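**Student:** Given next are the chains, with one letter for each unit.
Number of protein chains: 2
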Amino acid sequence: MKSPQSLDLLLSIDRLCGVPIRTQLEEQLRRAIREQRLHAGLQLPATRTLASEIGLSRGLVVEAYEQLLAEGWIVSRRGSGTRVASRGVGIAVAEVSSQQQGDLPRFDFRPGSPDPQRFPWSAWTAAVRRGMAAAGADAFRYPDHRGAPVLRASLARYLARARGCDSAAERLLVCGGFTQAMDLICRVLKERGARCIAIEDPAFESLGTNINAHGLVTHRIAVDDHGMQVDRLRATAADAVVVTPAHQYPTGAVLSPLRRERLLAWARERGALIIEDDYDAEFRYDGPACGALQGQASEHTLYVGTASKTLTPALRLGWILAPAPMATALAALKRRVDRGASAIEQIALAGFIEHGDLDRHLRRMRVIYRRRRDAVLAALARHRFEHRVHGISAGLHLMIELSRDVDEFELVRQAQLQSVRLFAGRGFWSQPQAAPPALVLGYGAIELEDIDEGIARLACIVREGVPAVAALRA
Amino acid sequence: MKSPQSLDLLLSIDRLCGVPIRTQLEEQLRRAIREQRLHAGLQLPATRTLASEIGLSRGLVVEAYEQLLAEGWIVSRRGSGTRVASRGVGIAVAEVSSQQQGDLPRFDFRPGSPDPQRFPWSAWTAAVRRGMAAAGADAFRYPDHRGAPVLRASLARYLARARGCDSAAERLLVCGGFTQAMDLICRVLKERGARCIAIEDPAFESLGTNINAHGLVTHRIAVDDHGMQVDRLRATAADAVVVTPAHQYPTGAVLSPLRRERLLAWARERGALIIEDDYDAEFRYDGPACGALQGQASEHTLYVGTASKTLTPALRLGWILAPAPMATALAALKRRVDRGASAIEQIALAGFIEHGDLDRHLRRMRVIYRRRRDAVLAALARHRFEHRVHGISAGLHLMIELSRDVDEFELVRQAQLQSVRLFAGRGFWSQPQAAPPALVLGYGAIELEDIDEGIARLACIVREGVPAVAALRA
Chain Z
1 MKSPQSLDLL LSIDRLCGVP IRTQLEEQLR RAIREQRLHA GLQLPATRTL
51 ASEIGLSRGL VVEAYEQLLA EGWIVSRRGS GTRVASRGVG IAVAEVSSQQ
101 QGDLPRFDFR PGSPDPQRFP WSAWTAAVRR GMAAAGADAF RYPDHRGAPV
151 LRASLARYLA RARGCDSAAE RLLVCGGFTQ AMDLICRVLK ERGARCIAIE
201 DPAFESLGTN INAHGLVTHR IAVDDHGMQV DRLRATAADA VVVTPAHQYP
251 TGAVLSPLRR ERLLAWARER GALIIEDDYD AEFRYDGPAC GALQGQASEH
301 TLYVGTASKT LTPALRLGWI LAPAPMATAL AALKRRVDRG ASAIEQIALA
351 GFIEHGDLDR HLRRMRVIYR RRRDAVLAAL ARHRFEHRVH GISAGLHLMI
401 ELSRDVDEFE LVRQAQLQSV RLFAGRGFWS QPQAAPPALV LGYGAIELED
451 IDEGIARLAC IVREGVPAVA ALRA
Chain S
1 MKSPQSLDLL LSIDRLCGVP IRTQLEEQLR RAIREQRLHA GLQLPATRTL
51 ASEIGLSRGL VVEAYEQLLA EGWIVSRRGS GTRVASRGVG IAVAEVSSQQ
101 QGDLPRFDFR PGSPDPQRFP WSAWTAAVRR GMAAAGADAF RYPDHRGAPV
151 LRASLARYLA RARGCDSAAE RLLVCGGFTQ AMDLICRVLK ERGARCIAIE
201 DPAFESLGTN INAHGLVTHR IAVDDHGMQV DRLRATAADA VVVTPAHQYP
251 TGAVLSPLRR ERLLAWARER GALIIEDDYD AEFRYDGPAC GALQGQASEH
301 TLYVGTASKT LTPALRLGWI LAPAPMATAL AALKRRVDRG ASAIEQIALA
351 GFIEHGDLDR HLRRMRVIYR RRRDAVLAAL ARHRFEHRVH GISAGLHLMI
401 ELSRDVDEFE LVRQAQLQSV RLFAGRGFWS QPQAAPPALV LGYGAIELED
451 IDEGIARLAC IVREGVPAVA ALRA
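Protein sequences, first through last, are from chains Z and S.
For the first sequence, position 242 (counting from the first letter as 1) is numbered 242 according to our numbering, and the numbering increases by one without interruption.
For the second sequence, position 22 (counting from the first letter as 1) is numbered 22 according to our numbering, and the numbering increases by one without interruption.
FYI, nobody ran anything at the bench for these hints, they're computed from the structure.
Since the structure is predicted, the reported quantities are computational estimates derived from the model, not experimental observations.
Note that beta-carbon positions come from the ideal geometry of N, C-alpha and C, so glycine has one too.
There's no promise every hint is true.
[Claimed, not checked] Listed next, with one range per pair, are the computed distances between beta-carbon atoms:
(1) Ala289(S) - Thr125(Z): 31 to 39 Å
(2) Ala265(Z) - Arg192(S): 39 to 47 Å
(3) Arg360(Z) - Arg366(S): 43 to 51 Å
Model the full assembly from the supplied sequences, consistent with the hints where possible.
**Tutor:** This is the structure in C-alpha cells:
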C-alpha cells in the first residue's frame with residue numbers, strides 16, 4: 001500500500017481526462033487541504049520543485065498556487081515560502097464545514113441551510129409517536145434497504161402533487177441526501193460504462209470533484225440568466241448531466257421553457273440521463289411555480305430531492321425517483337452500500353407528510369424566508385449596494401455580482417473579521433479567475449432583525465475598498 | 001452504456017483473481033437472482049450454451065447449476081429447462097431480506113436480529129428529549145460528517161470500558177452499520193493500493209461478494225473450533241483480514257489466545273490491517289469476557305461495532321475505531337459519500353449510553369437471551385437431536401452440525417412449510433458442497449414459549465428424513 005508521505009503521491013494528473021490540468025492541480029490541492037491530508041502550516045514545495053516532480057510546466061504550478069493563495073487555502077511569506085493556511089480560511093470559499101461550527105458567526109449569511117431555530121420539533125415528535133405506534137415492533141427489524149414502504153408511498157404522492165413528478169413508490173429510493181444520491185448514481189453509471197458527466201458552471205463546489213473521484217470526467221456547461229446553456233451539451237460526450245432547473249445553484253437562474261425542451265430533446269436523442277437536483281424548489285416567492293423536469297421526461301430523468309432545505313440537513317434524508325431499470329440498480333447498490341436508512345425517521349417523515357405537517361411548515365417558512373429576502377434587498381438598497389442581484393425569486397440565497405476590480409475573497413475574509421459570514425462566488429466556477437466576482441448570501445439561518453446590521457457591516461467593508469492580493473511571481 | 005439484456009453481460013469471470021472460477025460463477029448468479037436482475041421464472045441458458053458464451057468448460061457450469069439448484073435459487077423441470085426460482089426460496093440460504101418480511105414465520109429462528117419486541121422505546125425517547133434539549137438548535141445544522149461529537153465521546157468511553165478498546169473520539173467514525181463500514185474500508189484500502197482481503201470461511205454470506213464488488217480479491221481462511229486458522233494467512237498476499245474473534249459468524253468459535261497473538265504478529269510483520277467485526281460480543285453467557293483484539297494492537301486494527309445487535313438494526317448506526325491515518329481517510333470518504341449520519345439519533349444514542357440506559361438494556365436482554373438459548377438446548381435434547389451444537393456461549397445464534405447425509409437446504413425448505421424459519425449453514429461456506437451440513441438457528445427474535453414447539457417441528461422433519469436432491473446431469 002502506498003503511504004502519503006510525499007506531496008506528489010497526493011496528486012494525480014490525468015492528461016487525457018478532458019479537465020484542464022491546472023484545474024486538476026488546484027482541485028486536488030484544495031481537496032488535500034480540506035481533508036487535512038495537507039495540514040495547516042505545512043510548507044509546500046517550491047513551484048519549480050513541484051513542477052519537475054509531477055512533470056508540469058512551472059507556469060501552471062505558479063498559476064495554481066496564485067489561485068489557492070487568492071482563495072485563502074495557502075499563505076506566502078517572504079523568507080518562509082508557501083504554506084498551508086490555518087484552518088477556517090478556505091472554508092469561506094464554498095462549504096459549510098461542520099468541523100468549524102464551534103465559532104458561529106454573529107451574522108450568518110452562509111447559503112445552504114434552512115433555519116435551525118425553526119425545525120418543527122413538536123409536530124415532528126408527534127409524527128414519530130404516531131408512526132411508531134402504527135408500525136409496531138416491525139419497525140425494529142432490518143429496514144427495507146430501498147426505503148420504508150410508507151415513506152416511499154408518501155413521497156410518491158407528495159412529488160406528484162407538489163413537484164409535478166411522474167412518480168411511483170417502486171421507482172423511489174430513499175437515501176442519505178443529495179451527496180449520497182450522487183455517490184450511488186455515479187457508481188451505477190460508472191458500472192454501466194458511462195465516462196463523462198456534464199455539470200453546470202458554476203455549481204456546488206464539491207460536485208465536480210466528487211464525480212471525478214469515481215473516475216468519471218466532468219464537462220462544465222456555462223450558465224446564464226436562462227439557466228444552463230443546454231445547446232452546449234451537443235459538443236460533449238456526456239452520458240448524463242446534473243442540472244438545477246428550478247433555481248440554479250448558486251446563480252438562482254430558472255431554466256427557460258425553451259431550454260427545458262432542448263435539454264429533454266438532447267437526452268432523448270443521446271439516450272442520456274438528466275440528474276435533476278431539485279434542492280430548494282419548495283421555496284418560491286415570485287412568479288409561477290416551476291414543476292420538476294422529471295414530470296416531462298421520466299424515462300430520462302433521475303430526480304433527486306431531500307429534506308435538507310425543507311426541514312433540516314441533520315436528518316440526512318433524500319430520495320431518488322428513477323426510471324425503472326435505474327431504480328433497480330440503485331436499490332441493489334444501496335443494499336450493498338449500507339442496507340438502507342434509519343427506519344424510525346423515515347416512518348416519522350411519512351406521517352409528517354401525510355398529516356399535512358410538511359405543507360403547514362412550508363407555508364409558514366415561505367412567509368418567514370420571503371420577509372428575510374425582502375429585508376436583505378431593502379438593506380442592500382439602503383446601504384447603497386449598486387450591484388446586480390441574482391436569483392431572488394426562490395430558494396434560501398441570492399447572488400450579488402460585484403464590480404470586476406473587487407477581490408471577493410479578501411472581502412469575505414474581512415467580513416469574517418466583522419463576524420459576517422458569506423461565500424465568495426468564484427469558488428463555484430471551474431475557472432475562478434475568469435469568473436465574475438460575486439457574493440453568495442444565504443438568508444435561511446439569519447434572524448430578520450440581524451439582517452440590516454450584517455449588510456451594513458458588509459457595505460462598510462466594500463466602501464473602504466479591499467486591498468488587492470499580492471502576486472506570487474517569485 | 002451497456003445494457004444487461006443478455007445473461008452473459010451479467011457475468012464477469014476473472015481467471016487471475018484467485019477465486020475459484022466455479023465460485024465466481026455461482027456467486028455472480030446468486031447475486032443476480034437476489035438483486036432480481038435475473039427475475040423469477042426467467043429461463044437460464046442451457047449449460048452448453050452458457051459455457052461456450054463465457055468460455056468455460058461445460059462441467060464447471062453444470063456444477064454451478066447443481067449447486068444453485070441445491071440451494072433453491074433455480075429450479076429444473078424436464079421439458080421446461082432451468083429457470084430462476086420464485087422469490088422467497090433463495091432467502092432461506094443466508095439473508096434476512098427486508099423485501100420478504102410481509103410473511104413473518106410463526107417460529108422465527110433466523111439469526112442476526114435482536115428482539116424487535118423489546119426495543120427500549122421509552123428510555124430511547126427520553127434520551128432523544130434530553131439530548132435535543134441540551135443540543136438546542138445546533139442539532140439542526142449540517143451534522144459533523146465524522147459523527148456527532150457527543151456520540152464519538154460516549155462511544156470512546158464505552159468501547160474502552162466495555163470492550164477493552166484503545167479508543168479515542170478523534171479516531172472514531174460513525175457510519176451506517178457494518179455494511180457501510182466495509183464499503184468505506186474497501187474503498188479506502190483500494191485507493192491505497194490494497195488488492196486482497198482475507199475473510200473467514202465460513203463467513204456472513206454477502207461479505208465476500210461485497211468486497212469483490214470493489215475489485216478486491218478475497219482469500220478464504222478456514223475456521224475450526226479455535227476460530228480462524230490464522231497461520232494460513234502467511235500463504236496469502238492479503239493486505240487486510242476480516243475476523244470475528246469474539247464469536248465467529250456463524251460457527252460461534254472464539255479465537256484462541258494463541259491465535260490472537262499470531263494474528264497480531266502477522267499483521268505487524270506484514271504491515272497489514274485487521275478488520276475486527278465485533279458484532280455481538282456484548283452478549284456473553286458463559287466463560288470469561290472476551291475483550292476486543294483492537295485493545296492489543298490499535299495500530300493495526302480497524303474495529304467495527306454497531307447498534308444492530310445491542311439495540312436494533314433499524315437505527316443503522318455503527319462505528320469504526322481506526323488508527324489515526326485510516327481514521328482521517330475514512331472520514332474524508334464519509335464526507336464525500338453521504339456527509340454523515342442523522343444527527344438526532346446520534347445525539348440520542350450518546351445520551352442513552354451516558355445515562356446508563358444501554359448497560360441496563362444489555363443486562364436485561366442478556367438474561368432473556370440466555371433463557372432462550374437454554375430453552376433451545378433443552379428442546380434439542382428433549383426432541384433427541386443428537387448432533388453437535390456450536391457457539392452456544394455467546395451471541396444470538398448457535399449452529400447445529402448435521403450428519404453428512406442430510407440435505408440441509410431441503411430441510412430448511414420443509415421447515416419453512418411448517419412456518420419454522422432458520423438458515424442452512426452451507427450458504428456461509430465458499431465451497432458449499434464440501435462444507436459440513438449445518439443449521440444456523442437464531443434466538444434473538446423468538447419468544448421463550450414458542451421455542452419448544454418450533455424445535456419439535458424441526459425434529460419431526462429431520463426424523464422423517466429429507467429426500468435427496470435430484471442430480472442435474474442432463
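**Student:** Does each hint hold? Answer for all of them.
**Tutor:** The hints, checked one at a time:
Take Ala289(S) and Thr125(Z): their Cβ atoms lie about 38 Å apart, and the range 31 to 39 Å holds. At about 44 Å, the beta-carbon gap between Ala265(Z) and Arg192(S) stays in the expected band of 39 to 47 Å. Between Arg360(Z) and Arg366(S), the C-beta spacing of about 45 Å keeps the proposed range 43 to 51 Å intact.
Comparing the model with each earlier hint shows no violations; every hint is respected.
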